[in-house]
Amino acid sequence: MYSMNLAYFIKEHKEEITHEWVEYASNYIDSTEKMSREEVKDHLLEMLNQISNDMETSQTKSEQKYKSRGLKEPRLIDDQPAKNHGIHRVESGFDIVQVSSEFRALRASVLRLWEESFEEDVSDDRFEEMIRFNEAIDEAWMHSVSHYHHKMDNSKNWFLGILGHDLRNPLSAIQSVQQLLSLSENISREEKLLLQQTDASIKRIKELIENLLELTNLRLGNGITVKKTSCDLTLHCERIIQEFKLAYPKANLHFESSGPIQGQWDSIRMEQVISNLVANALRYGRTGGPVTISVKASDQEISLSVHNEGNPIPESRKELIFNGLFKDSGENGACKESSYGIGLYVVHEIVKAHRGKVEVSSSKEDGTDFKVILPRY
Numbered sequence: 061m062y063s064m065n066l067a068y069f070i071k072e073h074k075e076e077i078t079h080e081w082v083e084y085a086s087n088y089i090d091s092t093e094k095m096s097r098e099e100v101k102d103h104l105l106e107m108l109n110q111i112s113n114d115m116e117t118s119q120t121k122s123e124q125k126y127k128s129r130g131l132k133e134p135r136l137i138d139d140q141p142a143k144n145h146g147i148h149r150v151e152s153g154f155d156i157v158q159v160s161s162e163f164r165a166l167r168a169s170v171l172r173l174w175e176e177s178f179e180e181d182v183s184d185d186r187f188e189e190m191i192r193f194n195e196a197i198d199e200a201w202m203h204s205v206s207h208y209h210h211k212m213d214n215s216k217n218w219f220l221g222i223l224g225h226d227l228r229n230p231l232s233a234i235q236s237v238q239q240l241l242s243l244s245e246n247i248s249r250e251e252k253l254l255l256q257q258t259d260a261s262i263k264r265i266k267e268l269i270e271n272l273l274e275l276t277n278l279r280l281g282n283g284i285t286v287k288k289t290s291c292d293l294t295l296h297c298e299r300i301i302q303e304f305k306l307a308y309p310k311a312n313l314h315f316e317s318s319g320p321i322q323g324q325w326d327s328i329r330m331e332q333v334i335s336n337l338v339a340n341a342l343r344y345g346r347t348g349g350p351v352t353i354s355v356k357a358s359d360q361e362i363s364l365s366v367h368n369e370g371n372p373i374p375e376s377r378k379e380l381i382f383n384g385l386f387k388d389s390g391e392n393g394a395c396k397e398s399s400y401g402i403g404l405y406v407v408h409e410i411v412k413a414h415r416g417k418v419e420v421s422s423s424k425e426d427g428t429d430f431k432v433i434l435p436r437y
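The numbering used here puts the first residue of the sequence shown at 61, with every later residue one more than the last.
Rather than coming from a laboratory, the hints here were simulated on the basis of the structure.
Keep in mind that this is a model prediction, so the values were computed, not measured.
For each residue, glycine too, the CB sits at the ideal point set by N, CA and C.
Just to be clear, a hint being listed does not mean it is correct.
With a straight-line cut-off of 30 Å between C-alpha atoms, the simulated BS3-like cross-links for lysine-lysine are [stated by the list, open to error]:
#1 K266 to K288
#2 K305 to K266
#3 K356 to K263
#4 K252 to K266
#5 K310 to K356
#6 K305 to K378
#7 K266 to K287
#8 K412 to K266
#9 K431 to K378
Listed next, with one range per pair, are the computed distances between beta-carbon atoms [as the list claims (entries may be wrong)]:
#10 R377 to S152: 53 to 59 Å
#11 G153 to E419: 31 to 37 Å
#12 G348 to E298: 19 to 25 Å
#13 L105 to A413: 42 to 48 Å
#14 E267 to T117: 33 to 39 Å
#15 E267 to T347: 33 to 39 Å
#16 I265 to S376: 30 to 36 Å
#17 Q238 to E98: 54 to 60 Å
I would like the entire structure built from these sequences, with the hints used as guidance.
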């Protein structure tokens, strides 16, 4: 009985394999309901060519070892069909489970059809062929899933950017009404206190929106831009601290500076750095505890420090807090996602754009201190 080589079998039976792929997707994947058969088929023919070519390409034992561990360096020509497939599936509404199901079905269909092509195993190379096939299809699968995730992340970032911009206008309207009410002489002292609390909430939401927009720009690869001008860092610190005192009357804020400190920085970005660090200290420091902001300068550089008391940051997590996401343990030890790192991530990127650095020290005895070090000119 003639046993057809698997790579050759795939090339000769592409249409039959494709038919099974389309049937499976049409019957078991909901996202295909509004798709034509051509759209469901997508880049399968190209991927089958890619898989069979990969199987026929000679490889050493060392290359096979690296490939089985997902360490093979992909060639630009052989990942394109899988890449296009992953992108197309995102645009068609597939989730990651559905994309993975397609490759599982493809693997099963090819092996079943190949098995049916002969009645008994007469080839000593059959097992090796199946290994090569599984390696090739796994590689195509990983390329597709990787680009699926990349496309999905970009879509999420664009959505967050649009959401952040759209939230600004209604929030500004609410803030305008709130400010008009606070000027009225017909409200009680208790009502004024409530308006102050509302103002603090509005400012907090605005901070979150600004950080969200910055995070979105960074994730989309736009980066942080800075426009340096001559400015007095002490003056900007005083202005931001005064805003916090108005928004949070019970906050225990202290400012230390030897006087005006001039330098070349982006003043708007520096106010963002100060605001994010103070907000972080108030949110995560000991309730009612002091928050100290201090500025020092030498001929060549300045240091801006924000210190608070409270629970220390674990040593193993000090680097993670600048990555845009911080996972903290709740009271029951459960891991929960927090926005702890978003503001600090923005701080880190702004400081980096100024060719500076951020240092953090934290202990139960000495409290937590974030220090920004920047060149003056």
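Evaluated hints:
Taking the CA atoms of K266 and K288, the gap is about 24 Å. The hint holds against a cut of 30 Å. Pair hint K305 plus K266 holds up; C-alpha atoms about 16 Å apart against a cutoff of 30 Å. The suggested pairing of K356 with K263 holds, with an alpha-carbon distance near 28 Å, which does not exceed 30 Å. About 21 Å separates the Cα atoms of K252 and K266, which keeps this hinted pair within 30 Å; it holds.
Under the criterion of a C-alpha separation no larger than 30 Å, the hint pairing K310 with K356 is consistent with the structure, at around 26 Å. Distance hint between K305 and K378 is fulfilled; the C-alpha atoms sit about 28 Å from each other, no more than 30 Å. A C-alpha spacing of about 22 Å is found between K266 and K287, which places the hinted pair at or below 30 Å, so the restraint holds. This hinted pair checks out: K412 and K266 have alpha carbons roughly 23 Å apart, not beyond 30 Å.
For the given pair, K431 sits about 13 Å from K378 by alpha-carbon distance, which is consistent with the 30 Å threshold. At roughly 39 Å, the beta carbons of R377 and S152 sit outside the given window of 53 to 59 Å. Separation of G153 from E419 is about 46 Å and departs from the stated range, judged on CB atoms against 31 to 37 Å. Checked against the hint of 19 to 25 Å, the C-beta distance between G348 and E298 comes to roughly 23 Å, which is consistent with it.
At about 47 Å, the beta-carbon gap between L105 and A413 stays in the expected band of 42 to 48 Å. For E267 and T117, the Cβ-Cβ distance of about 54 Å falls outside the hinted range of 33 to 39 Å, so the restraint is violated. A C-beta distance of roughly 19 Å is found between E267 and T347, which places it outside the suggested range of 33 to 39 Å. At roughly 32 Å, the beta carbons of I265 and S376 sit within the given window of 30 to 36 Å.
For Q238 and E98, the Cβ-Cβ distance of about 56 Å falls inside the hinted range of 54 to 60 Å, so the restraint holds.
In terms of the numbered hints stated before, the structure departs from hints 10, 11, 14 and 15, listed from lowest to highest.
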